[in-house]
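Given chain A's structure and the hints, the job is docking chain B onto it.
For the record, the sequence lines run as chains A and B.
So in this note's numbering, spot 116 of the first sequence is number 116, and the numbers just go up one at a time.
With the second sequence counted from 1, adding 170 to any position gets you this note's numbering.
Don't take each hint at face value.
Capping the alpha-carbon separation at 20 Å, the derived lysine to aspartate or glutamate pairs in EDC-like fashion look like this [said to hold, decoys possible]: (1) A/K154 <-> B/E198; (2) B/K469 <-> A/D141; (3) B/K223 <-> A/D119; (4) A/K154 <-> B/E195; (5) A/K78 <-> B/D356; (6) A/K78 <-> B/D244; (7) B/K469 <-> A/E135; (8) A/K78 <-> A/E116; (9) A/K154 <-> B/D203; (10) A/K78 <-> A/D39; (11) B/K469 <-> A/E95; (12) A/K78 <-> B/D304; (13) A/K66 <-> A/D36; (14) A/K154 <-> A/E144; (15) A/K66 <-> A/E24; (16) B/K223 <-> A/E116; (17) B/K223 <-> A/E168.
Per label pair, the in silico range of CB-to-CB distance [said to hold, decoys possible]: (18) B/A294 <-> A/R140: 52 to 60 Å; (19) A/R47 <-> B/D375: 37 to 45 Å; (20) B/R284 <-> A/E14: 48 to 56 Å; (21) A/D39 <-> B/E481: 53 to 61 Å; (22) B/A294 <-> A/E9: 51 to 59 Å; (23) A/G136 <-> B/K223: 14 to 22 Å.
Derived by calculation from the structure, the hints in this document are not laboratory data.
Note that the coordinates shown come from a computational prediction; the quantities given were computed from them, not determined experimentally.
We treat Cβ as the ideally placed atom computed from N, Cα and C, and that holds for glycine.
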Amino acid sequence: MGGVAVASERAFNELYREHRSWLEQWLSRRMGNGWDAADLSQDAFMRVLVGSQAISELQEPRAYLKTIGKRLLINLYKRRSLEQAYLDALAQLPESCAPSPEERWLVLETLQALDELLDGLPHVVRRAFLLSQLEGLGYRDIAERLEVSERSVKRYMAQAYEHCLLVELC
Amino acid sequence: MLKREVSEETRRVARSAARWLTLIESGEASENDHQALQRWRNAHVSHEHAWQKIQALRSRFGGVPPELAMASLDRPDQGRRRLLKGLLGAAAVAPAAWLVSHELPIWRADLATRVGEQRRLTLADGSVLDLNTDSALNLDAAQRRLILLRGEVALRVAAGSPFVIETDQGRATLSAGEICVRQQGDSCQFSVFSGAGQLQPTAYDTLALQPGQRLTLRGGRVESTQAFDVRQLGWRDGVLMANDQPLGDFLRELERYRPGVLRWSPSLERLRVTGSFRLADTDQVLDLLAASLPLDVHKRTRYWVTLVPREKIA
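Here chain A stands alone, though its shape is the one from the complex:
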C-alpha cells in the first residue's frame, strides 16, 4: 500500500512542477492580477491532491487543471459579487438598523452559505423561494409579484425545497 501512496505523491509533485506556473499564468490572464492567481493556483493543486482523480492516469493534465481553475474562478467571482452586493446594501441601511461590526461578518458568512445552497437554481425559482423565505410572502402574493400562476409558484417552491434538501442530505 505504501508503494501506491509514494507513486501518487511522485505523480503529484511532477504535475505541480510541470504545470504550476502555466496554471498561474492562465489564471492571471483571466483575473488581471498575479497575487490572486498565485493563491488560486495553490488552491487548485490542493483540490487535485484531495480529489479522487488518480493523477498518474490523467491523459491531459492541463485540461483537467483548467477545469478546476475555471470552477475556482467562478466561485471566487460569485463570492465577491455577493460580498459587493452585501456591502452596498449595508452602506444603504440607516446607522440605527445596521448590524454591529461583529455581526456583519457573521451575516456575510451565513449569506455565502445560503448563496451556495441556492446555486444552480433557475433565477425565477430562486426569486420565488427568496420571496417566500425572506419576505414571508404567501404563494398567491408571489404569483402576483412574479406574474406567473400559483401552480407555477408551487412548482418553483417544490423545486427549490428539493434542491436545498438534497444538498443538506448529502
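Using the frame of chain A, we list chain B on its own:
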C-alpha cells in the same frame, strides 16, 4: 453542487418531502392530506429525518436580516454570472478571453459610483466624463481609453487622438464629440449625440456610429438601431424625464437611482407618467407619483418601499 452521487432513494424522499411542504404552504391541504403526511412521516425513519431537515432549512433563512439578505442573494448580476460561465466555457475564443479579463476586477475599479450617486471628472485633455448611478470603469487617460465595467458613462471627447470605450459587448472609438454608453444586463447601448466614430462589436464587423443614433448590442452583435432620445441624458443634470411613459418602465429607471428595495403591483405597470423629476430625492419622486396617480406608497422601512393601487373608499 452535490458533493457525491445521490441515491435514487434519497432523491425520492427529498422530492416527497418538498411536495408535502409545498402542499401545506399553499394552504390547499385538506384534513386528509394532513393525516396522509403524518402517515408518510411515520412510514420510515428517513422520511421523518428529511421532514426535520426541511423544517430546519426554513429557519436558516429566517436568521438573516431580510433586507440585506434580499439585496445580496437576489442581486441583479445573475445575467453576468451566466455570461461569465458561458465565456469560461469558451475561453479558447479570443474575444471571450479579452472579456473575462475585464469582467472580473469590478470590485477594484478605478472609478465607481454608488447607487444614487453621479460623478463628473474632467480629464487633462479637456474631455469630460460623467458617471451615472451604480457604475464602474477603469480609465487610462494617457491612452484615451476606458473600460466600462458596469452602469452608464457619458463622455464629451475633446479633439485629439481617438478615445476608446470598451465594454463586454464591443468597443467604440470617437475622435471628437459626445457619446453615452450604458451596460444593462447582458446588452449594451451606444448613443451618439455629436461627432462620429466607429463601433466594433465583439462578434461582428465594425460599423459607423452616427449622431442621433442609439445602437444596442447583445451577444456581441447589433440587436437594434433607434433614434436617440436626448431626454435620456437628463441624469447628467440630475433629472429623470418622462413623456407619457408607462409607469413600469419609469420605475425600472428610477430603481437604478434608489438604494434599497422598490416594488410595485403589476397592475400599476400600465399607468402613464409625464414630468421631470429630481433624482437627488427619490422619496419625493414617489410622493409626486402618489399625488398624481391612483397609487399609495407603502414604506416597510425607508429602504423597502412598495407601490400599490390606491384602495377605493367604500
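Outcome of the hint check:
At most 20 Å may separate the alpha-carbon atoms for a hinted pair to count; A/K154 and B/E198 meet this at roughly 11 Å. A threshold of 20 Å between alpha carbons decides the hint, and for B/K469 with A/D141 the separation of about 18 Å falls inside it, so the pair holds. With a C-alpha separation of about 19 Å, the suggested pairing of B/K223 with A/D119 holds against the 20 Å cut-off. Simply put, A/K154 and B/E195 have alpha-carbon atoms about 9 Å apart, close enough for the 20 Å limit, and the pair holds.
Note on A/K78 and B/D356: the hinted pairing holds, with a Cα-Cα distance of about 17 Å set against a maximum of 20 Å. A hinted pair counts as satisfied when its Cα atoms are at most 20 Å apart, and A/K78 with B/D244 qualifies at roughly 12 Å. Of the supplied pair hints, the one linking B/K469 and A/E135 holds, its CA atoms being roughly 14 Å apart against a limit of 20 Å. A C-alpha spacing of about 9 Å is found between A/K78 and A/E116, which places the hinted pair at or below 20 Å, so the restraint holds.
Of the pairs offered as hints, the one joining A/K154 and B/D203 holds, with about 16 Å between alpha carbons and a cut-off of 20 Å not exceeded. Of the pairs offered as hints, the one joining A/K78 and A/D39 holds, with about 17 Å between alpha carbons and a cut-off of 20 Å not exceeded. With a C-alpha separation of about 18 Å, the suggested pair B/K469 and A/E95 falls inside the 20 Å cut-off, and the hint holds. Distance restraint check for A/K78 and B/D304: the Cα-Cα separation of roughly 18 Å lies within the 20 Å cut-off, and the hinted pair is therefore satisfied.
With a C-alpha separation of about 16 Å, the suggested pair A/K66 and A/D36 falls inside the 20 Å cut-off, and the hint holds. At roughly 13 Å between alpha-carbon atoms, A/K154 and A/E144 fall within 20 Å of each other, so this suggested pair holds. With a C-alpha separation of about 10 Å, the suggested pairing of A/K66 with A/E24 holds against the 20 Å cut-off. Pair hint B/K223 plus A/E116 holds up; C-alpha atoms about 17 Å apart against a cutoff of 20 Å.
Annotation: proposed proximity of B/K223 to A/E168 holds, straight-line Cα distance about 8 Å (limit 20 Å). Separated by about 59 Å at the C-beta atoms, B/A294 and A/R140 satisfy the suggested range of 52 to 60 Å. A C-beta distance of roughly 42 Å is found between A/R47 and B/D375, which places it inside the suggested range of 37 to 45 Å. Distance hint for B/R284 and A/E14: a CB-CB separation of about 50 Å, consistent with the stated range 48 to 56 Å.
Checking the proposed 53 to 61 Å range against A/D39 and B/E481 shows it holds: the Cβ atoms sit about 56 Å from each other. B/A294 and A/E9 have their C-beta atoms about 57 Å apart, which keeps the hinted 51 to 59 Å range intact. Roughly 21 Å separates the CB atoms of A/G136 and B/K223, a value that falls within the hinted 14 to 22 Å.
In summary, the structure agrees with every hint in the numbered list given earlier.
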